[in-house]
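Student: Protein chains in written order, with the numbering used here: chain L, 1 to 113; chain X, 1001 to 1113; chain W, 2001 to 2113; chain U, 3001 to 3113; chain E, 4001 to 4113; chain C, 5001 to 5113.
Worth flagging that the hints you see were computed from the coordinates, not collected in a lab. Be aware that a few hints might be false.
Below, computed lysine-lysine pairings styled on DSS-like, alpha-carbon distance capped at 30 Å [unchecked claim]:
1. 5025(C) x 1025(X)
2. 4071(E) x 2071(W)
3. 5071(C) x 71(L)
4. 4025(E) x 3071(U)
5. 71(L) x 4(L)
6. 3025(U) x 1025(X)
7. 2025(W) x 2071(W)
8. 3071(U) x 4071(E)
9. 3025(U) x 1004(X)
10. 2004(W) x 25(L)
11. 3004(U) x 3071(U)
12. 71(L) x 25(L)
13. 5071(C) x 1071(X)
14. 25(L) x 2071(W)
15. 4004(E) x 4(L)
16. 1025(X) x 5004(C)
17. 25(L) x 5004(C)
18. 2025(W) x 3071(U)
19. 4025(E) x 5071(C)
20. 4004(E) x 3025(U)
21. 5004(C) x 3071(U)
22. 4071(E) x 25(L)
23. 3071(U) x 2071(W)
24. 1025(X) x 3071(U)
25. 1071(X) x 2025(W)
Cβ-to-Cβ under 7 Å is the rule here; a few derived chain W residues that face chain U [as the list claims (entries may be wrong)]:
26. 2002
27. 2015
28. 2016
29. 2020
30. 2022
31. 2083
32. 2095
33. 2102
34. 2105
Don't be surprised by glycine CBs; every beta carbon is placed ideally from N, CA and C.
Protein chains: 6
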Amino acid sequence: MGQKVAEFNDYRSIMNERLLRADDKVIRRIFNADANAFTDGALPARTKELMGLVASLVLRCDDCVRYHLIKCRENNVSEQELFEVMGIATLVGGTIVIPHMRRAVEFWDDLEQ
Amino acid sequence: MGQKVAEFNDYRSIMNERLLRADDKVIRRIFNADANAFTDGALPARTKELMGLVASLVLRCDDCVRYHLIKCRENNVSEQELFEVMGIATLVGGTIVIPHMRRAVEFWDDLEQ
Amino acid sequence: MGQKVAEFNDYRSIMNERLLRADDKVIRRIFNADANAFTDGALPARTKELMGLVASLVLRCDDCVRYHLIKCRENNVSEQELFEVMGIATLVGGTIVIPHMRRAVEFWDDLEQ
Amino acid sequence: MGQKVAEFNDYRSIMNERLLRADDKVIRRIFNADANAFTDGALPARTKELMGLVASLVLRCDDCVRYHLIKCRENNVSEQELFEVMGIATLVGGTIVIPHMRRAVEFWDDLEQ
Amino acid sequence: MGQKVAEFNDYRSIMNERLLRADDKVIRRIFNADANAFTDGALPARTKELMGLVASLVLRCDDCVRYHLIKCRENNVSEQELFEVMGIATLVGGTIVIPHMRRAVEFWDDLEQ
Amino acid sequence: MGQKVAEFNDYRSIMNERLLRADDKVIRRIFNADANAFTDGALPARTKELMGLVASLVLRCDDCVRYHLIKCRENNVSEQELFEVMGIATLVGGTIVIPHMRRAVEFWDDLEQ
């Protein structure tokens, strides 16, 4: 795990804790639904993580992409699978997805260190 | 197959033919890439159709959703799987996805007729 | 209440019932959070409906706009207030919001019948 | 000029009049800036209409596309030029632009009648 | 006021001055409309700043969020109110808003120093 | 050419090489279509670069904006033309484009060094 991944994880957990400490009912419920969405069901968790990655790419949310890349790695997604996901995202979402794809691959490589 | 599906298919094929008749190099290449993207690779075509559906839902493109619903049905996606896909799309993309989810289910039911 | 409002309400309640009948855990939780978000808290429900309207306008979701227009009317939002909300939404979201503003006013006038 | 164009123009002018009658300061200023933006300057009005069309396509606003198609026609934009504009918009904005491209060509053909 | 706020304000005012020095008619008018939009009218300026914040959050524009956070603080918006605004924005705009919510809270805390 | 431009070019070419090394069919085709889209046709390459810039601005993709700014400079786009493009983009896309306009001008000035 490289430096970019470590920084991402640190900032994310510090700020999530800060967010949840405020104890807003709606925000708590959204975090709750999120924790439940990417678990095994009719579709396996692995497929759901791939779908979370596609959604994050076409909506161009770098931090969301990073989070799902970590989860995809945990689910043994291969590099070839990653590129097929990114190809579909860039096709559907357009060449404006390309800069996010560059940063995704950089983070992916950082995950391997 | 209900009336909504028939109308969608008719309009789509008439207008795609009109678009391609103009023979624009860039548009032809995009259609070409599109035809190649949703085929078996490291990931099976079925998973790619689910990803196409998620991308279309979060980007809120009703016609794209309809196209991928047809393809999902051809790939024997179950209703339970469909709802898990729509749940993730609405969670990631927000409640603004809900009206598109309503129209998606209406079209899905029309596909069953 | 005019015809557009009646049709909107009918379709919305039929399809929401259809959606919830599928009993997907994530979708149910999102609907649940939604029902809780626009109630009195530190901010009054009326202000939250205005914020729901702004969010729906800049994200250009006609059905979401229509829903919040109904709620704004129930909360005695005046026409002048409505136009100030739409002015801010069009300024922040750009002239692409204008077609949605046209449809919003048409629906608003239909609500008055 | 076909029926779709006539209906578009009628609805647009009726609702714009309704919007401006409310006399909201911010909305009036936005309409004002809009009237001034697409005139000859360092760039000719024709090029600006092409840019308005590209922006409307990638932001997927059908009514905005229709308005700029009318203006492009008035500025003698050729069909070949139109398709090059649509190709760039679909490449940059992704295949989710395709359904809007279909409707754009349908409207363009209606303009020719 | 912490360092992040100071840097934001410095960069913003230097670059706004640079933008306006070019004296483009359309850009000047937009800045003008912007200055007029968030003042007391039928709705108080405070409510309009909350709406500006919601719009910026769902459109995921960090710099716009920061600007409206400064204005909200000047209008004595409380932390509890802020979280209710962020809850609605994340519900309507989806979990892709969460990373922007993290950065918003970090900036808000920096404003308090 | 200033430091920001050099860093942008370096990162872009290193990561594009990394992306293409993976040899994904869909990604390769998209890069291919991209290389073909901004060449002389019915419309001159210069006009197409202006359209690429407008599309990138309204879709708020800073890296895409930077790329087209480099190309616009190579095509002798003047500062006055640039501001007219940015004015249209901000009008159509809304004030959320302003932060991207600030960064665009900063990069443009860096290109001149």
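Student: Please go over all the hints and tell whether each is borne out by the structure.
Tutor: Taking the hints in turn, this is what the structure says about them:
1. 5025(C) x 1025(X): holds (18 Å)
2. 4071(E) x 2071(W): holds (27 Å)
3. 5071(C) x 71(L): violated (38 Å)
4. 4025(E) x 3071(U): holds (21 Å)
5. 71(L) x 4(L): Between residue 71(L) and residue 4(L) the Cα gap is close to 16 Å, so the pair holds against 30 Å.
6. 3025(U) x 1025(X): violated (46 Å)
7. 2025(W) x 2071(W): holds (27 Å)
8. 3071(U) x 4071(E): Violated, because 40 Å separates the two Cα atoms, which is more than 30 Å.
9. 3025(U) x 1004(X): violated (43 Å)
10. 2004(W) x 25(L): Measuring from Cα to Cα gives roughly 34 Å; hence the hint is violated.
11. 3004(U) x 3071(U): With a Cα-Cα distance of about 16 Å, the restraint between residue 3004(U) and residue 3071(U) holds, given a limit of 30 Å.
12. 71(L) x 25(L): holds (27 Å)
13. 5071(C) x 1071(X): The hint is violated at about 40 Å.
14. 25(L) x 2071(W): holds (21 Å)
15. 4004(E) x 4(L): holds (21 Å)
16. 1025(X) x 5004(C): violated (34 Å)
17. 25(L) x 5004(C): violated (43 Å)
18. 2025(W) x 3071(U): violated (49 Å)
19. 4025(E) x 5071(C): holds (25 Å)
20. 4004(E) x 3025(U): Between residue 4004(E) and residue 3025(U) the Cα gap is close to 34 Å, so the pair fails against 30 Å, i.e. violated.
21. 5004(C) x 3071(U): Violated. Residue 5004(C) to residue 3071(U) sits at ~38 Å, over the 30 Å cutoff.
22. 4071(E) x 25(L): holds (25 Å)
23. 3071(U) x 2071(W): violated (38 Å)
24. 1025(X) x 3071(U): holds (25 Å)
25. 1071(X) x 2025(W): holds (25 Å)
26. 2002: Not OK, violated: residue 2002(W) not within 7 Å of chain U, min 15 Å.
27. 2015: Check failed: Cβ of residue 2015(W) comes no nearer than 21 Å to chain U, outside 7 Å.
28. 2016: violated (25 Å)
29. 2020: With a closest approach of 28 Å, the residue 2020(W) hint is violated.
30. 2022: The hint is violated - residue 2022(W) has no Cβ within 7 Å of chain U, the shortest such distance being about 26 Å.
31. 2083: Since chain U brings a Cβ to about 4 Å from residue 2083(W), closer than 7 Å, the hint holds.
32. 2095: holds (6 Å)
33. 2102: Holds - the Cβ of residue 2102(W) comes within 7 Å of chain U, reaching about 4 Å at its closest.
34. 2105: Since the shortest Cβ distance to chain U is 6 Å, the answer is holds.
Of the numbered hints stated above, those contradicted by the structure are hints 3, 6, 8, 9, 10, 13, 16, 17, 18, 20, 21, 23, 26, 27, 28, 29 and 30, listed in ascending order.
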